[in-house]
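Protein chains: 4
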Amino acid sequence: MDSSEKLNVALLGLGRAGRFHIQSIQSIPGINLRYVVDVDEPLARRLAKELECDYSTDADGPLGQADVDAVIVASPTHEHYAQIQAALEAGKPVFTEKPLGSSLEEIDTCFGLAKRSGLPLFVGFNRRFDPSFSSLARGVKEGEVGVLQMLRVTSRDSPMPTMDYISTSHGIFHDCIVHDFDMLRFITGVDPVEVYSVGSSFVEGIGALGDLDNVLVALRYDNGMIASIDVNRFASYGYDQRIEAFGSKGMLQAENRSPVSTVLSSGDGLLRPTIEHSFPTRYREAYRQELVAFSDCLREGAPMPVTHEDVRISFILSELGEQSHREAKPLRVTDHPALKHSPMEDPEK
Amino acid sequence: MDSSEKLNVALLGLGRAGRFHIQSIQSIPGINLRYVVDVDEPLARRLAKELECDYSTDADGPLGQADVDAVIVASPTHEHYAQIQAALEAGKPVFTEKPLGSSLEEIDTCFGLAKRSGLPLFVGFNRRFDPSFSSLARGVKEGEVGVLQMLRVTSRDSPMPTMDYISTSHGIFHDCIVHDFDMLRFITGVDPVEVYSVGSSFVEGIGALGDLDNVLVALRYDNGMIASIDVNRFASYGYDQRIEAFGSKGMLQAENRSPVSTVLSSGDGLLRPTIEHSFPTRYREAYRQELVAFSDCLREGAPMPVTHEDVRISFILSELGEQSHREAKPLRVTDHPALKHSPMEDPEK
Amino acid sequence: MDSSEKLNVALLGLGRAGRFHIQSIQSIPGINLRYVVDVDEPLARRLAKELECDYSTDADGPLGQADVDAVIVASPTHEHYAQIQAALEAGKPVFTEKPLGSSLEEIDTCFGLAKRSGLPLFVGFNRRFDPSFSSLARGVKEGEVGVLQMLRVTSRDSPMPTMDYISTSHGIFHDCIVHDFDMLRFITGVDPVEVYSVGSSFVEGIGALGDLDNVLVALRYDNGMIASIDVNRFASYGYDQRIEAFGSKGMLQAENRSPVSTVLSSGDGLLRPTIEHSFPTRYREAYRQELVAFSDCLREGAPMPVTHEDVRISFILSELGEQSHREAKPLRVTDHPALKHSPMEDPEK
Amino acid sequence: MDSSEKLNVALLGLGRAGRFHIQSIQSIPGINLRYVVDVDEPLARRLAKELECDYSTDADGPLGQADVDAVIVASPTHEHYAQIQAALEAGKPVFTEKPLGSSLEEIDTCFGLAKRSGLPLFVGFNRRFDPSFSSLARGVKEGEVGVLQMLRVTSRDSPMPTMDYISTSHGIFHDCIVHDFDMLRFITGVDPVEVYSVGSSFVEGIGALGDLDNVLVALRYDNGMIASIDVNRFASYGYDQRIEAFGSKGMLQAENRSPVSTVLSSGDGLLRPTIEHSFPTRYREAYRQELVAFSDCLREGAPMPVTHEDVRISFILSELGEQSHREAKPLRVTDHPALKHSPMEDPEK
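Protein chains in written order, with my numbering: chain U, 1 to 349; chain A, 1001 to 1349; chain Z, 2001 to 2349; chain L, 3001 to 3349.
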């Protein structure tokens, strides 16, 4: 498309993630919200009026519109796979929240379809666009810490999700830790050879679901590097997202962010306000930047920042992490069925 | 106006401040940019097309438009006074960057006109809307530091403004320190009884203009409280804006903000990235919040957060601060001609 | 002994640790250095003159002195076992740097001897006396973080030890990580049920010794708590010693310390000085406090802060950690031979 | 004296400051406490026994002792002048807490006597030896901030001194701010040309004494530099001692210190422990370093780090600061009687 024109997008899903994308779209001059879709008709109608765009209760609604340049999939998780396929088949580039589907096969199908049709399929691993995390990744690549030896990701959610959400989330590995696995790949550019997980559950209800809320993952790389991921479903003090990269020449850390920069000194000590409460404010800039990046891919042919391989590997590591916990032993990454015969080979080739 | 409808605004001036307001407007669902004005016709035309609104090179252009609900004055300083009057006379509420005019009389004239016509006149003392400064002010009011004894404002600009800008800026007191005087009033709710300034100039060219680039102001309050303001035209490490409130029970500080939260530890020490580079990013949220507040005044009849008295007093203190430096002696605030016979009386009554 | 009198001590070993104890002794009014021992006769003579005390090149020298109230063992590691036994047999209470010996049997022998003779045997797990770590442990015990779920210890040495030192250090688990295992026990009061280690070597020479310089240990507790220890032989930015305790109600962290509290803000960012360079300054107060505690045990009959069980368990975990790395699998703590038949039973009973 | 021998000192005064010097002396191998003096005979006797030295209730006691190499004056303020003179006349080098006397004449007399007798007279401006402040001063001298433009000293005491202490303290300028004036000189190496003070009193009883507890001093330098000092008798959150140096190339700050490095994150925010409670812990290292420096002057002939001129100027500025507050106007430094006819001339010549 002509890079001087606005990108007209259709947004599928007006829930939490959808409303968040609306906010990003409004702040990006080059993107125009052209169409919204939600099964809740009154909601879709009201927002369409407010946002001065068309609406439908049917995800196919915008696919026939010639002036819809791309589709953003922010619908409930189980609808992603069908909607991605339908959009690609209708010739529309797709931006989608993860997951693409519930299995590696579905992921491969989506990317295969995108490849055959020559259309961009952009997966929203938003943390790659966070200014602090991307600055850390750049610093590591530029050698600021020398040879990377230990990489630690801390990722604790806030507020506590509802049990409804958790029960349909496919488990903490596929719902949360997949992002942390992607961070490791984003920063290091290489994949681990072994994964070991220890997990437990403290929150009533989560254990009963067979799910975990407290997990430590240890990863071994064949160059001697070691990584750890520690995750919790709920941090009482806010959305705790930190990364620490230690190497021969130094350490690079990305710390939490606070919306307010005050300090109250009293006889009780020095009190700073809580960190960002949740992902929408913590990653506001990241969400905005990833839509800008998506727009750049479409309008300027920029390369896709998240590849098929990236999505595959983070899915595979999530499966292995879960299995390692279940079997209480470390697992070799190349023993995963999808990699056994062609370890780490690029599935796109 | 109906609070469910969008507020249609005309923006006068598409320079630095104007473009900044565009960004804020785009992020506020309830405000719609209906009209832009700039003497640079190609610029006005281009932005109008991009933003899908009307344009003119004449500030009177939008005043006759029935569907323009309010005017935002972001034009060059010397045009403010005439444009504010014209807008109010045309029955349009006004949001304006300071200054309203070049004298106390002009300020009084603008507010008198607004009062007679029953129209809101909103002055953009944006720092009042900064999350950290407003949190500090709230904490002080709620007694977090006990009896306030010492209030310190540090305000250092970045990057260095051009000599062109400085030569038409009315001097550092009216251009910069007026904001800091307003912060004192915002936090304390009372006015000083005495002002003393020490100033100097380090930057070539500024001294030749008879202006200052390095200033300390000491203020005495009749309840024993003391305040200081220290200001510089240029901080090499970024836009340095801090406030410290010390009282009988503790200290409340608002610290600088950084866009990136990394720390690099090496043999050289612990390095954090520079703080926000300049006012547009430092006060991005403040700019946004003040437009939301303006909208609330218009749509919901909320009281004006910045009063005529606020604007007068900060202007008077700027005059006294400048005079104190010139005469190298402390000046009593009630000796100012505008207050001599009716000290601190509300000019609106 | 009479608590109003000074405690006269003999110091075995005038190397790095010995000289450090001298500094602590000098700052504690209630302890008097009465005797120093080192095989280096000129060194022992010189220091004895300077410190106004007796000296010998023979560790048995002070044991016959009636006015020596206690012995501090700071000699080379391989001499500890014999010296501890000789001192206890001579009726002298013993303060000793770890390790007590090179096997669990030797540890048990020392404590058995101490028990039979009714003499205090104090093991210098100095980190328990660090003001920040002990404050963190107290906070966790008092419930400041609610139910403890994840405990992380980071421990990176500085400066790089010599190869001579490393080659006789019994490996990174027994030399370094034993302290971190003790921290876990100190903070939680319970022991893990499973240990898993990943280790590697980046420093030339260390791998050739069969030793590691980069290790991550993951520990599982039967109440669902998880712990991690990450250790490196060398941090280029100083002695990096941190602990983070995460629980249902919050997080408690003990951060690094800096000798100087300056910040330099420039166009490069905000630079703070490096953290403490090495253990003698980082733990100066801890070394002092542990000697005070030793003195309190002797003079006031205070209970021993480090028990036989504490020393045993940290040794067992070090063995298991090493074995887990070697066998690349998690190990159950109760499978250790010393615990197999009587898991976690108190060996003193 | 022979630099290999210990320095034997007599300590006059066993009050707060005296006991503090004892702690420093005990931690310095090269200094030996030989003699203590206090009018409280039981106290002197008890400490002498404990410290294994001689004692007297008469300040002249140690002056005739051949093996007393130097005298440390830490007695009540009003005794300093006579004791300094007596010690110098007895041929003993003197380390003294400020003030030397109650007037400029007494200061000049003491230094005159020291000069004539060729004996060191060392005045304990301990902050010059604080690692953070001396690092800041070094950084400024080495050009880390470029041309110095604004220097700010914050100095708030903790805990609140007793009214007894305050009533005999010679007022906040001579008791407290004199140290801050010395810091300005220490950092800049030059003197201000004008002083202006604003002061008030919030603490019951202090105002009745005609004294102040809340003061801001503004200082003008003839190179355009500006300085401010803000002082309070009591900070509820601990001993608040900070310096900020702003210049053309950056800013250098010395921040407060905390004895414990923990952070508690909870729903209330991020809580760090209070800063150092009071001067003995805040300046522990500074007190130690200044005794080492005194010892170096005596044993190695090192130059005196605090000169007669330093002591004079800080006294003169304290007088001017007090007078400026009283007369509510800025005062020219060269108008001070002691400088009027020979501004800033070195009184030693």
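Simulated from the structure, these hints should not be mistaken for lab results. Quick reminder that beta carbons are idealized off the backbone N, C-alpha and C, glycines included. Treat the hints with care, since some could be wrong.
What the hints assert, rightly or not - If we take Cβ atoms under 7 Å as the criterion, some of the chain L residues that face chain A in the derived model are:
#1 V3039
#2 T3057
#3 Q3149
#4 S3200
#5 G3224
As the list claims (entries may be wrong) - Capping the alpha-carbon separation at 30 Å, the derived lysine-lysine pairs in DSS-like fashion look like this:
#6 U:K340 - Z:K2340
#7 Z:K2049 - L:K3006
#8 L:K3049 - Z:K2049
#9 L:K3006 - L:K3141
#10 Z:K2006 - L:K3329
#11 A:K1249 - U:K6
#12 U:K6 - A:K1006
#13 A:K1329 - A:K1340
#14 Z:K2340 - U:K329
#15 U:K49 - A:K1049
#16 A:K1340 - U:K49
#17 U:K329 - U:K340
#18 L:K3049 - A:K1329
#19 A:K1340 - L:K3329
#20 L:K3006 - U:K249
#21 Z:K2006 - L:K3141
#22 L:K3340 - A:K1329
#23 U:K115 - U:K329
#24 L:K3340 - L:K3329
#25 L:K3006 - L:K3049
#26 Z:K2006 - A:K1249
#27 U:K329 - Z:K2006
Claimed, not checked - Here are the computed distance ranges between Cβ atoms for each label pair:
#28 A:H1170 - L:Q3023: 16 to 22 Å
#29 L:Y3165 - A:T1334: 35 to 41 Å
#30 L:Q3323 - A:T1334: 22 to 28 Å
Hint-by-hint comparison with the structure:
Using the Cβ-Cβ criterion of 7 Å, the hint placing V3039 of chain L at the interface with chain A is not satisfied: the shortest such distance is roughly 37 Å. Hint on T3057 of chain L is violated. Least Cβ distance to chain A is approximately 42 Å, over the 7 Å limit. Taken as an interface hint, Q3149 of chain L checks out: its beta carbon lies about 5 Å from the nearest beta carbon of chain A, inside 7 Å. Interface hint status for S3200 of chain L: upheld, as the beta-carbon distance to the closest one in chain A is roughly 4 Å, under 7 Å.
For G3224 of chain L, the interface hint holds, since its Cβ comes within 7 Å of a Cβ in chain A; the closest pair sits about 4 Å apart. Pair hint K340 of chain U plus K2340 of chain Z does not hold up; C-alpha atoms about 38 Å apart against a cutoff of 30 Å. For the hint pairing K2049 of chain Z with K3006 of chain L, the CA-to-CA distance comes to about 11 Å; that is within 30 Å, so the pair holds. Among the hinted pairs, K3049 of chain L with K2049 of chain Z is consistent with the structure: their alpha-carbon atoms are about 22 Å apart, no more than 30 Å.
Restraint check for K3006 of chain L and K3141 of chain L: not satisfied, since their Cα atoms lie roughly 34 Å apart, outside the 30 Å limit. For the given pair, K2006 of chain Z sits about 60 Å from K3329 of chain L by alpha-carbon distance, which is inconsistent with the 30 Å threshold. Between K1249 of chain A and K6 of chain U, the direct Cα distance comes to roughly 55 Å. Violation of the 30 Å bound is thereby established for this hinted pair. Between K6 of chain U and K1006 of chain A the CA atoms are separated by roughly 22 Å; this keeps the pair inside 30 Å, and the hint holds.
A threshold of 30 Å between alpha carbons decides the hint, and for K1329 of chain A with K1340 of chain A the separation of about 18 Å falls inside it, so the pair holds. At most 30 Å may separate the alpha-carbon atoms for a hinted pair to count; K2340 of chain Z and K329 of chain U meet this at roughly 21 Å. With a C-alpha separation of about 22 Å, the suggested pair K49 of chain U and K1049 of chain A falls inside the 30 Å cut-off, and the hint holds. A C-alpha spacing of about 56 Å is found between K1340 of chain A and K49 of chain U, which places the hinted pair above 30 Å, so the restraint is violated.
With a C-alpha separation of about 18 Å, the suggested pairing of K329 of chain U with K340 of chain U holds against the 30 Å cut-off. Under the criterion of a C-alpha separation no larger than 30 Å, the hint pairing K3049 of chain L with K1329 of chain A is inconsistent with the structure, at around 60 Å. Under the criterion of a C-alpha separation no larger than 30 Å, the hint pairing K1340 of chain A with K3329 of chain L is consistent with the structure, at around 21 Å. Between K3006 of chain L and K249 of chain U, the direct Cα distance comes to roughly 43 Å. Violation of the 30 Å bound is thereby established for this hinted pair.
As the CA atoms of K2006 of chain Z and K3141 of chain L are separated by approximately 47 Å, the hinted pair breaks the 30 Å bound. Restraint check for K3340 of chain L and K1329 of chain A: satisfied, since their Cα atoms lie roughly 21 Å apart, inside the 30 Å limit. Of the pairs offered as hints, the one joining K115 of chain U and K329 of chain U is violated, with about 37 Å between alpha carbons and a cut-off of 30 Å exceeded. Between the alpha carbons of K3340 of chain L and K3329 of chain L the distance comes to roughly 18 Å, so the proposed pair stays at or under 30 Å and holds.
Between the alpha carbons of K3006 of chain L and K3049 of chain L the distance comes to roughly 20 Å, so the proposed pair stays at or under 30 Å and holds. Distance hint between K2006 of chain Z and K1249 of chain A is unfulfilled; the C-alpha atoms sit about 43 Å from each other, more than 30 Å. Distance check on the hinted pair: K329 of chain U and K2006 of chain Z sit about 56 Å apart at the alpha-carbon level, beyond 30 Å; violated. Checking the proposed 16 to 22 Å range against H1170 of chain A and Q3023 of chain L shows it is violated: the Cβ atoms sit about 58 Å from each other.
For Y3165 of chain L paired with T1334 of chain A, a C-beta distance near 38 Å keeps the hint of 35 to 41 Å intact. Taking 22 to 28 Å as the suggested C-beta distance range, the pair Q3323 of chain L and T1334 of chain A conforms, at roughly 25 Å.
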